[in-house]
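Participant: Residue-level listing of the chains:
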Amino acid sequence: MLRYLFVRTAQTAFAVFTVATLIFLGLQLTGDPMENLAPQDMSEAQVEELRRAYGLDRPVHVQYLRFMAHLARGDLGISFLSGEPALGLILERFPTTLKLVTTALVIAIAFGLPMGVAAAIRADTMSDRVLRFLSVLGISAPTFWIGIMLILIFSVNLGWLPSSGLSSWKHYLMPAFTLSLYRIALFLRMVRSTMLDVLNQDFIRTARAKGLAERVVVYKHALRNALIPFITVAGLQFGHLMAGAVVTEKIFAIPGMNRLALDALYSDDRPVIIAFIIVVAVLFAVVNLLVDLLYAVIDPRVRYA
Amino acid sequence: MKRIGILAAFVFALAFAGGDQLVVAYQGGAVTLDPHLRNETTTLSWQHHIFETPFFFDVKGNVVPVLARSIENTDPNTWVLKIKSGVKFHDGSTMTAEDVAFSITRAATHEKSQMKGYVGKVIEAKAVDAETVVIKTKVPDPLLPAHLDHAAVIPKAYLDKVGEEGFQKHPIGTGPYKFVEWLNADHLTLERFEDYWGPKPDFAKVLLKNIPQGATRVAGLLSGEIDIAEKVLPQDFARVERSGRAVVKQTPGVRIIYVAMDYWREYGSEGLPEGAKNPFLDPAARKAVYMAIDAEAIVAKIMGGAATVAQQFLAPVHEGYSPKIKRFPYDPEGARKILEGLGYGDQDGDGWLELPTKDGGRVPFELRIDAPNDRYLNDAQIAQAMASMLRKVGIKASVNAVPKKVFFPNMTKGHFTLYMAGWGSMDSINTMLSMFHSKDPEGLYGRFNRQRYHNPKVDALIEKAAQTFDPAERDRILQQAMEIAMLEDVAYIPLHYENVIAGVAKGVEFAPRPDEYLHAFEAKKQ
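First to last, the sequence lines map onto chains D and Y. Per this note's numbering, residue 129 is the first one in the first sequence, and the count goes up by one each step. Per this note's numbering, residue 11 is the first one in the second sequence, and the count goes up by one each step.
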């Protein structure tokens, strides 16, 4: 087990360095960041001074080696905009996004999973069709539209919920729901289809034949087997949300790391862009590891050695 | 008991709503609280609550003293600045000439300072006594007092003690509000500074928030969470006014949206058919395009009234604004006649004007209009409207509207034939040097003169104005330069000034500034 963890950590470190290299080189292709960063009233010579101050006047390979040397020490550089460490700016906002995404995912699992099971048990009945129809709506409604509609209804017309920020539990309701709607629908459809697959297998028939209660058959035998793909997808969704909640963060003015990264992208604040991508890469690696470990918990046949 | 609770909550809510806190929503947020690091409107707007400068602009465009008492130049490269006495920093210490000299020097020389476009000419600022700073410049800078609006004064002793990172965590200045708490680029909480030297602002507490989405800012304004919302979009005006909870306030801004045309390539201009001659080397053709564009229709129909038709490149608040310069009237027929007179008439009878080619042939007058699609209010739609206006006079115009990250690098490289962009600066000398002066090899002048407009007469006048210390004389020279550039040369086609727009809740009195800075301390209780 320890050996396994060690190998995975080494793989993650390798992935981070690869990602960092790709991003560093990719950003070189976007041209000179000072084109965007320097105010229009500075002269060419003054802009050159800025380039020097940020080390952008050096040849690319020198910049790259310096960047990698710093990265190895966990230093991702100073933000071009704020003069503060880029990694610090991202990590300062990480908990906000984490809380929002966790809330959204808990809501999505709490609704999506039981609804998926219900739809599978009642396959092709009226309630199954209604659920499937609703799930199509949930998957296709754009996040942007849902967010704005929620604000119009609950903040402007009813005055129940605050429209922006994240300073109390009330602030979480609308953005978390906005994020979870798609996932509820996704989980519903996915659990329904995997459950149907499992319910048609021989061991379920055996379980029923030996007289087990239907509840035990569904929840203990079928659901447990349907959970493996579900956990993979849920883990991936967690990663996607952590790195992709940008529209929701923007609409509800939530100080999450996605919004910061988007602003950094617009203004060519390279250290912050790189810090964000590295944080996300590490996060994906950790989530994948956790998902793999969960397999072993759910399915006793899985062993890591 | 329960009723008392509800009543208490109600009273509390009332007290809070009518209370002493002002919440302002911006489209962006300050990215740093080091006042010399980043020169960008929102960052500076937030910082202006904490920091002050020796001079600043009032809403009419006049330079007024703030921390300065007076300034005079003893020779073209030397200025003597007297500072106000008894001004306190937020930590209780008194501002000295030493602090002012240090701050000006820091803004002028810090390796990451973005204020060098303003104070970069300063080579030395020295305190000679408790209230006097002597400033020396490399070259004469008649506008130095105005340029000191970018030299925020900070306490030297405090910065030395806490260091640059420590200063950002708890910045100290002389401004009407003092720092309480912030999250980079998200929000800034401020508290009124009771020892402020000037008139104290009405609101005891201020919360500045970054709410990037226009719809969310308006929602917050209508739900009562926000008192002033920046950049309300034209499509929301009616909703705000109808609500009865807020009003929309507009002020013509200093940001002009303009059209520029290729001034240097006879053949090979990218927005024209291959091999076609560039007609825009001739001022008559530039004037024809000018006359073909209906700026009033653009303001009324596309901008929803959220802009003001521009008569010329500079706005009325600017130095160098000449009352003699008026728009060439909208006249599509006249425009077509001019172009036909220049030999671009339709000879094959397909309805489109034609351009001669290098090898003696003729091709249809096709023209690509380049524009950004995410930089200015309704930018892509404006370009589309111009294209249809040009098609009416026989120019087969199309639009290439792209994100600003693609647009501006291409504009810098001079890839366009006819493009639309914007420019905003309070400083007319800077505008003239960057946009109207011809490009020089050292890159000092004409940095944004991408279509390479050049007229030696105008160059000479701009250089003269930049060396003139008498404001009235400088204004006259600039006007003269502008009259040549706009009326004789048709260097640019001005379209409109974007209005500066704010939604203001009932109970608050506030008007936006033309320079786009938004200051909570300018808001009053009604």
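The hints are simulated quantities; they were obtained by calculation from the structure and are not laboratory data. Don't be surprised by glycine CBs; every beta carbon is placed ideally from N, CA and C. There's no promise every hint is true.
[Claimed, not checked] A few chain Y residues facing chain D, derived, Cβ under 8 Å: (1) Q37; (2) V41; (3) I221; (4) Q260; (5) R275; (6) E276; (7) T367; (8) M436.
Participant: Is the interface hint for Y:M436 satisfied, with its Cβ closer than 8 Å to some Cβ of chain D?
Facilitator: violated, 10 Å
Participant: Go through the hint on Y:R275 and say holds or violated, using the shortest Cβ distance to chain D against 8 Å.
Facilitator: violated, 22 Å
Participant: Should the hint that Y:Q260 touches chain D count as held when the rule is a Cβ pair under 8 Å?
Facilitator: violated, 22 Å
Participant: With a cut-off of 8 Å, does the beta carbon of Y:I221 approach a beta carbon of chain D closely enough for the hint to hold?
Facilitator: Holds - the Cβ of Y:I221 comes within 8 Å of chain D, reaching about 4 Å at its closest.
Participant: Have a go at the Y:E276 hint: is there a Cβ in chain D nearer than 8 Å to its own Cβ?
Facilitator: violated, 27 Å
Participant: Please verify that hint: Y:T367, Cβ, nearest Cβ of chain D, below 8 Å or not.
Facilitator: The hint is violated - Y:T367 has no Cβ within 8 Å of chain D, the shortest such distance being about 33 Å.
Participant: Hint check: is the beta carbon of Y:Q37 less than 8 Å from a beta carbon of chain D?
Facilitator: violated, 11 Å
Participant: Next item in the hint list is Y:V41. Is there a CB on chain D closer than 8 Å to its CB?
Facilitator: The hint holds - Y:V41 has a Cβ within 8 Å of chain D, the shortest such distance being about 4 Å.
Consistency note: the structure conflicts with the earlier hints numbered 1, 4, 5, 6, 7 and 8.
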